[in-house]
Amino acid sequence: MDENTQIFVSESEELLEDMEQALLALEASPNDDNLINRIFRAAHTIKGSAGLFGFDDIIAFTHVVENLLDDIRNCLVPVSVDLITLLMKCKDQIVEMIENLNSEDSIEYPEKAELLALLNAFSASSSSDETPSIASVKQVVSLESDNSTGSIYHISIRLGLDTFREGFDPEIMFEQLKELGTITQIKMVQTSIPRLSEIDGENCHLGWELSLDSLKSKQEITEVLEFMDGANIKILSPDSQSKDFIKLINELPEQDSAIGKILLDIGAISPKELQSVLNKQKTQGGLTGELIIEEGLSQEKVVKSAIKTQSKVRKEKQTEREFIRVAADKLDKLVNLVGELVIGSAKITQLAKSRHDIELEESVEEMTQALEDMRETALGLRMTPVANTFNRFHRVVRDIAKSLDKKIRLKITGGDTELDKTVVEKIGDPLTHLIRNSMDHGIETPHERLLANKPEEGTITLSAFHETGSIIIEVKDDGKGLDAEKILSLAKERGLVAKDQVMKRSEIYKLIFEPGFSTAKEINNISGRGVGMDVVRRSIESLRGTVNIFSEPGQGSRIVIRLPLTLAIIDGFHVQVADESYIIPLDSMVECISLSDSQKIEANRHDHIKLRDSVLPLIPLDKNWGINKNQNTFEQARVNLVVVQFEGKKIGVLVDSLHGEVQAVIKPLGKVFDGLRGFAGFSLLGSGQVAMIMDIADLAKSVASKERERHNFTERRTRKRVSMTDILE
Amino acid sequence: MSDVDLIELNDSLIDSQYLTFIITDEEFAVSIMKVKEIIEYQSLTQVPMVPKFIAGAVNLRGAVVPVINLAVKFGLEARAVNRRSCIVIMEMQLEGETVVLGILVDKVLQVVDIPESEIEPAPSFGAQIKTEFIQGMARSEDKFVIILSINQVLSINEISVVGKLQNENTSTLDAEVEKNSAK
Chain C
1 MDENTQIFVS ESEELLEDME QALLALEASP NDDNLINRIF RAAHTIKGSA GLFGFDDIIA
61 FTHVVENLLD DIRNCLVPVS VDLITLLMKC KDQIVEMIEN LNSEDSIEYP EKAELLALLN
121 AFSASSSSDE TPSIASVKQV VSLESDNSTG SIYHISIRLG LDTFREGFDP EIMFEQLKEL
181 GTITQIKMVQ TSIPRLSEID GENCHLGWEL SLDSLKSKQE ITEVLEFMDG ANIKILSPDS
241 QSKDFIKLIN ELPEQDSAIG KILLDIGAIS PKELQSVLNK QKTQGGLTGE LIIEEGLSQE
301 KVVKSAIKTQ SKVRKEKQTE REFIRVAADK LDKLVNLVGE LVIGSAKITQ LAKSRHDIEL
361 EESVEEMTQA LEDMRETALG LRMTPVANTF NRFHRVVRDI AKSLDKKIRL KITGGDTELD
421 KTVVEKIGDP LTHLIRNSMD HGIETPHERL LANKPEEGTI TLSAFHETGS IIIEVKDDGK
481 GLDAEKILSL AKERGLVAKD QVMKRSEIYK LIFEPGFSTA KEINNISGRG VGMDVVRRSI
541 ESLRGTVNIF SEPGQGSRIV IRLPLTLAII DGFHVQVADE SYIIPLDSMV ECISLSDSQK
601 IEANRHDHIK LRDSVLPLIP LDKNWGINKN QNTFEQARVN LVVVQFEGKK IGVLVDSLHG
661 EVQAVIKPLG KVFDGLRGFA GFSLLGSGQV AMIMDIADLA KSVASKERER HNFTERRTRK
721 RVSMTDILE
Chain V
1 MSDVDLIELN DSLIDSQYLT FIITDEEFAV SIMKVKEIIE YQSLTQVPMV PKFIAGAVNL
61 RGAVVPVINL AVKFGLEARA VNRRSCIVIM EMQLEGETVV LGILVDKVLQ VVDIPESEIE
121 PAPSFGAQIK TEFIQGMARS EDKFVIILSI NQVLSINEIS VVGKLQNENT STLDAEVEKN
181 SAK
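From first to last, the protein sequence lines stand for chains C and V.
Read in order, the letters of the first sequence correspond to residues 1 to 729 in the working numbering.
Read in order, the letters of the second sequence correspond to residues 1 to 183 in the working numbering.
Excised from the complex, chain C in its bound form (with noise of 0.2 Å):
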């Protein structure tokens, strides 16, 4: 896909993602003109982008949805529930012919010519049977001419920068505004167009105050404006007075502007008026402003408010807030060599520290903390708001709803909550699931809430928000709540729990996550892939995060998802086994003990350890990674342990030193080591040494797999070893 049509993409996915949002809040306020205007607009948009491309395909499908969204426009068609589910499934449709832009065979849609014939029955004027061209995208709405004299309408014109680029011609605008009446007044606005060496011929800045003498109503005159898109069109009625005046000035988009220019260009003054006055202003000095108010030409109100908007304007180009659309991997780059220069400086920092020389200490202080506020603010780069992903859920919501025929509601809040987008992009589908588990499961239909006493509408609520160093997402329903006894005695029938288990509530719940709880019977229309519940906890573990769930019998159910802020750096705690370090993830760590003389033999000789008076297995690391150190003679035994845990299970690594607390920049494993059980990944030292991340659940997991073949082969005699396979039965 060339950089074009990317582009072509991703605006238009934005577009529809739009489109889609305008269309679930018109479901709810059906007559708000705002929001049939953005939906069109967005269609109207697409179609005119894939004309520059010339997709005619699109083209051809969107245009028919325009016309049918026109007759909604005109009030021809009223709005209902069928009418938006009809253009959900044609946005739907138009992403999928967006996602096949690449593919080489041209693709059948069976439910295209379905959606067309809905599409035309739905129209008023079922006449859209003439094909669409390019030339259509244009667009030329035939309006009566008319040139009989009206009242004269002032009209402030700027078009957007990317005017042309999105196809538009100008020129059809005056045409059009010919057809309503007689332009009496033009002119052109140039205060926006840059110098000469600066400028970019594809960029349109052009802009023009003009005055259009019509009979035709204001509606109507917008009406014909409004098809140019991005660009910024006032129009002033003709009774307006100074406060209209005052009103245009205060929306104008203009750059820095002198004072003169603005009113005379809003024609609050005629342009004699403004060169006596700067004539004046040549010879006795003084400000402009105050000189159109001495000479009384222009009321004093109307003045002060276009110096307000120029101080705006200035001060508004210094803070503006500009977007700049960014490859992803080129900011991952970023980060990574952010990361390399944080690992290089704690380098010099302990050779400035060999040196014992106090000034370059101090330099290299700085420097750090200079590269610390870079790091902050590169792994920033990387956040985005959740609110893209959660918005996706009002559709999905509406439509089980729906199809399960039950009244549920979506609430999302904390929708600014940022979360790193590797996140983000991957929560989607687990939470998906959460959300449809709740529709399905949790909340009742409308006539069992009404007999529990509940409103007959569920609510689901869909929260985000920090705590502590991770991200906390929730998906709360008050319907039902879990039915622990029927998911005791499911886990029973399926094997996952003995017959004779007694288990706490909570126990219970969290059995709705294991593999092999959820069956094949789930797949219906509404997952449409039957996943399991395992799969989603799978998932949101593989971004290091963990899920919870929480139920009250008749209340309702929530789920509480917690991740950690960034998938590129964890805090981490360094220790040396024989001659290689190791990072452990410090939030699996509990504590660091330092092994007594009896304790010491104890724990080489066998695989656990009393601690506390209880027993602790222990990861024989050196049996399972190969390590060959002698470690038979007392001296060269491990000295340190360190306890860590994994859902809730304490085990215990012996290491030899520990080296403290660091920040360990994650690299993954790469190709050649995927797969490899127990490490989540690479890091790098301050000393520019590699260091492998620990993953301790996947340790400890394949540690045990490993110990049961183990067992499996060699048969087992009586049971006296405390192990790991034990620990984890």
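Calculated from the structure, these hints are not laboratory results.
The reader is advised that the hints may include incorrect statements.
Unchecked claim - Interface residues of chain V toward chain C, partial, derived using beta-carbon atoms under 8 Å: (1) 134; (2) 137; (3) 156.
To be verified - Within a straight-line C-alpha distance of at most 25 Å, the following computed DSS-like cross-link-like pairs (lysine-lysine) qualify: (4) 36(V) x 671(C); (5) 667(C) x 36(V); (6) 107(V) x 330(C); (7) 187(C) x 216(C); (8) 107(V) x 34(V); (9) 671(C) x 34(V); (10) 34(V) x 333(C); (11) 706(C) x 650(C); (12) 34(V) x 667(C); (13) 499(C) x 426(C).
C-beta: ideal position from N, C-alpha, C; glycine also.
Once you've looked at the hints, dock chain V against the given chain C.
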């Protein structure tokens, strides 16, 4: 002959230069097209639970690069690291991804020009290493240089045996462990 080999042959037509080095007394050569740089041997970080031919990982200016011990891979008797030992950094395409890898060699010799015409096909038997690893043989003074078909030697199937080595049926065991952990 596979496509990969054809491409490599074409490369060698354009550029018939080879880097020669010694591994366990044998002289080998690889096309310089694949060689990124040569670094002095530095202590490697051991990666546990991997096949022996993976010598470890090294920090190459901030990137973690796996290092392959070709002597082990070829079944030769690996020599101890000496002051001439080097890591030849290669850039490979593995499954459409650019992967940087290092190979451990006992001594780097030189860059030589070997015209296509002087390369003889690999003998079908009698060679020390697997014939599919050999692109051809070339005479250098009085002995033969083995030109390695590096795409074969460092193909994903050859080097990424990590997953295979650990557990044949990892997934089923996993499920079992997870199941048990709930009890």
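For each hint, the structure was consulted:
no.	hint	result
1	134	violated, 22 Å
2	137	violated, 28 Å
3	156	holds, 7 Å
4	36(V) x 671(C)	holds, 18 Å
5	667(C) x 36(V)	holds, 21 Å
6	107(V) x 330(C)	violated, 38 Å
7	187(C) x 216(C)	holds, 22 Å
8	107(V) x 34(V)	holds, 18 Å
9	671(C) x 34(V)	holds, 18 Å
10	34(V) x 333(C)	holds, 23 Å
11	706(C) x 650(C)	holds, 19 Å
12	34(V) x 667(C)	holds, 24 Å
13	499(C) x 426(C)	violated, 37 Å
In summary, the structure is inconsistent with hints 1, 2, 6 and 13 from the numbered list given earlier, while agreeing with the others.
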